[in-house]
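As you go down the protein sequences, you meet chains A and B in turn. Residue numbers 1 to 334, in my numbering, belong to the letters of the first sequence in order. Residue numbers 1001 to 1423, in my numbering, belong to the letters of the second sequence in order.
Every clue listed holds true.
Straight-line alpha carbon distances no greater than 25 Å define the calculated SDA-like cross-link-like pairs of lysine to any residue that follow: (1) B/Lys1336 x A/Ser13; (2) B/Lys1421 x A/Glu23; (3) B/Lys1421 x A/Arg16; (4) A/Lys115 x B/Tyr1009; (5) A/Lys116 x B/Thr1006; (6) B/Lys1336 x A/Gly19; (7) A/Lys75 x B/Gln1275; (8) B/Lys1421 x A/Tyr14; (9) A/Lys75 x B/Arg1273; (10) B/Lys1421 x A/Ser20; (11) A/Lys15 x B/Arg1256; (12) B/Lys1421 x A/Arg11.
Just so you know, the hints here were simulated from the structure itself, not pulled from any lab data.
Each chain, letter by letter, is given below.
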Amino acid sequence: MKTMVEARNLRKSYKRADGSTIEAVKGVDLDIHQGEIFSLLGPNGAGKTTTISMISGLVAPTEGDATIGGHSITKQPMAAKRLMGFVPQEIALYPELSARQNLAFFGRMYGLGGKKLSRRVDELIEFVDLADRQNDRIDTFSGGMKRRVNLAAGLLNSPPLIYMDEPTVGIDPQSRRRILDTVKLLRDEQDMTVLYTTHLMEEAQELSDRVGIMDHGEIIAMGTQAELTQQVGEEDRLEITTGAQNVGEALTERMQQDIAGLTRVLYNPPEPIGENSGESTPARLTVFAKRGRTALPQIIQTLDAAGIDIQSVEVREPDLEAVFLALTGRALRD
Amino acid sequence: MRSILTIIYNDLSIYLSQRGNLVGLLVIPVLLTLVIGWSLGRIGGGGPTRLRVDLIDLDRSDLSAHLIEELRAANDALVLCPLDNDADDYCRLEDEPLDVDRAIQRAHSGRTRALVVIPAGYADALVDFRTVTIDFYSRSDPMQPGPVLQGLNAVLQRTSSASMTKGVAAALLDNLTTAAQLPALDEETRDSFLNTLYDRALQLSTEQPPAVLFRVADSADDSEGGIDNGFNQSAPGMGSLYVMFTVLGGMAVLLRERRQWTLQRLMALPLSRAQILGAKIGAYFTLGMIQFFIVFAVGAAFGMDFGSNPPALLAVMAAFVLCITALTFALAPWIKSEGQARGLVLLLSLSLAPLGGAWWPLEIVPEFMQTIGHLSPVAWAMDAFQDLIWYNGAFPDVLPEIAVLLAAAAVLFAIGIRSFKYE
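Between the sequences and the hints, there should be enough to build the whole structure, so can you do that?
In structure tokens form, the structure reads like this:
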């Protein structure tokens, strides 16, 4: 399979105001194959945007390099950039111009002109379903419509590779669904390679052929979803919300010893929400088990015997959330 | 190059599509140029307090010296060059000798108000009661004599009257001596008597109140150089001020472009950083030149002088706009908010412009303020505009000012390009 993006030892450090250095990306290695959707999944601040910015030539890496279609982004940036489209997380459009004017301007920057440009703009406006609003200023659009024009601007040069940095942030479910469908369409009908960043596990699961999980500037796991879930084994995950009673370490150890099939028990005590609100998050017990549903009655019985109130129970099949939790001890949304 | 022009065109379209920007670019500068132009025109025609006049004395006699003294006394605004030149070289002689040819050229270019040449043999001609011609060169209309010609005429009239008195008295004395058969006076006594009569006649005509009193402040009808038209000051002044407002305003736009990620999107396109930066610089440079053209067009409509060297005028405008564009790019990376940018634009424009003589000529402020004023690029631009517009200067006359502005632009661009934030 042909490699479209190859990143080796990408690092990015920034200097803080106090003179100290912060390493935002710590040596990322990445291979993205032609025609696949590759998602970088991780919580906010994991280094996804910095990684994508380095691969797209927006930010110069402190160390390492990336190639796009064999062209180095640091040594042959023009050739590399001609092969890619870019859809940033922000609405990178001129709010004072109409959708059509924005697309025409960025199209001219790719060297398009005359009828060819006009045809391409027409196609993209149809593609993102904004024909009736094409001559309206961007600052009169809803969030979802802006996102669609933002996406269209990244497709002007019909690139074989497109970067999308959290393209569904802050939009309504309907617009989100439309964008996710469009991304799949780009791969399935146009054989486009997509590098997609998200902090939403559901999006990564729905879209991705392969996923790289990022945390604290590093890729901590990479592969197909099946490969990644295998890393945590064929375990189910039981999410149990408990009352305010403290689940001590002794209890979690006893559960692991006494109940067959349990591999790990994690307890997150309640945490106050805000300083003075008086409210707190519910206590949560996460139990990893080979056969979760079979072990569930015994788990409930043990907790009940220990005087722990059970408020809700959810059994989840192995997923990327579980992988992240297993690898970092934290939930993706934490 | 096509990409750069497309970005410039796009940036200008966005700028001009905002009604608020049009008010700042067109309405307010035009109104202020008109108000200040008319105000300066009303305040005594805005004329300078001194009039530069070249005077070449080829006779070097007591009588020619007397004529010069009389001319000086006739109008205290006259600076007779090179005789009355000061340490600051007000006569703009630049340590070069002043001969007739050079003086004629200076009068022709408008650098001096006039040239007066006292010919050799002037004193002898007066003594012998012969006609003598004093050459007067000026660009002023002889039918509407300016203050210099009027002063010269008055002095010559007095000198001529005194000379005539002396001649008539001499003839009378000779006829009387002959008719009455009186003994002839010795030469020394005769000359002394006649000179006393000459001095007395001159004194009487000088003490006599002049029929018309000439003052520089009343020289609105004088069409020679200087700020005879208030727009000669207000157009370059308001042009410079509003170039600062318009171009420095780019700091906020550059910050906005970074925040809305349009700058980053350009970075992701197959464009080099030099192309993007060049286009952004080009956009603000073009905007600054448009601003100058608007204000100068207003000046032109109200009879402003443009001097005789349009390329030099364009070069001064371009150097100033480039300098302010460079200042914009040097400051932009340190700006944290649009409010901060707006405050800085107001602070810089409203301090550097008056300091540099955009509101009033620097000539009228104390010398130390003139020195401080030259910390502002506006002062260098205004010096050059004055040279070209008031004194009909040539390209070489404004090269020092252009060089200073371009040097400042180079330093500021070096800082700005080095610290420019693309992300």
